[in-house]
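Q: Make the full structure from the sequences, and use the hints.
In my numbering, the protein residues as written are 18 to 106.
If you are wondering where the hints come from, they were derived from the structure by calculation, not from laboratory data.
Be aware that a few hints might be false.
[Stated by the list, open to error] Here are the simulated BS3-like cross-link-like pairs (lysine-lysine), alpha carbons at most 25 Å apart as the crow flies:
no.	residue 1	residue 2
1	LYS64	LYS19
2	LYS56	LYS28
3	LYS53	LYS99
4	LYS30	LYS53
5	LYS64	LYS53
6	LYS19	LYS99
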Amino acid sequence: MKPRFYLSSKKNKDGRAAVLLFLSYCGTRIAISTGKIIKSENWNPVKQCAKGINAASLDFNNELLSFANNAIAILKDLVDRKETEVLVK
Numbered sequence: 018m019k020p021r022f023y024l025s026s027k028k029n030k031d032g033r034a035a036v037l038l039f040l041s042y043c044g045t046r047i048a049i050s051t052g053k054i055i056k057s058e059n060w061n062p063v064k065q066c067a068k069g070i071n072a073a074s075l076d077f078n079n080e081l082l083s084f085a086n087n088a089i090a091i092l093k094d095l096v097d098r099k100e101t102e103v104l105v106k
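A: In C-alpha cells:
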C-alpha cells in the first residue's frame with residue numbers, strides 16, 4: 018500500500034491548499050486530510066512532497082511520512098481485526 022499525497026483544489030485566502038493523503042483498499046480510495054497546508058508553488062506534485070532541502074521543508078515532509086505510516090498502521094489493524102466494512106461500502 019503506497020501512500021499518495023495531493024493538494025486540495027481549494028485554497029485559503031493566503032493561497033495555501035490542504036495536503037490530502039490517498040490510500041487504496043480493495044479498489045476503494047480513501048482520502049484523509051493530513052491537517053497540513055502549503056502554498057502550491059512550494060509543492061512538488063511529481064514527488065508528492067514539499068520542495069526544497071531547508072529544515073522547514075524536511076520537517077514538513079517527515080511529518081507527512083509519519084502521518085502516512087500511522088494511517089497505514091491503523092488500516093492494517095482494521096484489516097487484521099476484519100473491521101473494514103465501513104471502507105468498502
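Q: Now tell me if each hint is right for this structure.
A: Hint by hint, here is what the structure shows:
The suggested pairing of LYS64 with LYS19 holds, with an alpha-carbon distance near 13 Å, which does not exceed 25 Å. Of the pairs offered as hints, the one joining LYS56 and LYS28 holds, with about 9 Å between alpha carbons and a cut-off of 25 Å not exceeded. With a CA separation close to 30 Å, the supplied pair LYS53 and LYS99 exceeds the 25 Å bound. For the hint linking LYS30 to LYS53, the alpha-carbon distance of about 15 Å falls within 25 Å, and the restraint holds.
Taking the CA atoms of LYS64 and LYS53, the gap is near 17 Å; set against the 25 Å cutoff, the hint holds. For the hint linking LYS19 to LYS99, the alpha-carbon distance of about 21 Å falls within 25 Å, and the restraint holds.
The structure shown violates just one earlier hint, number 3.
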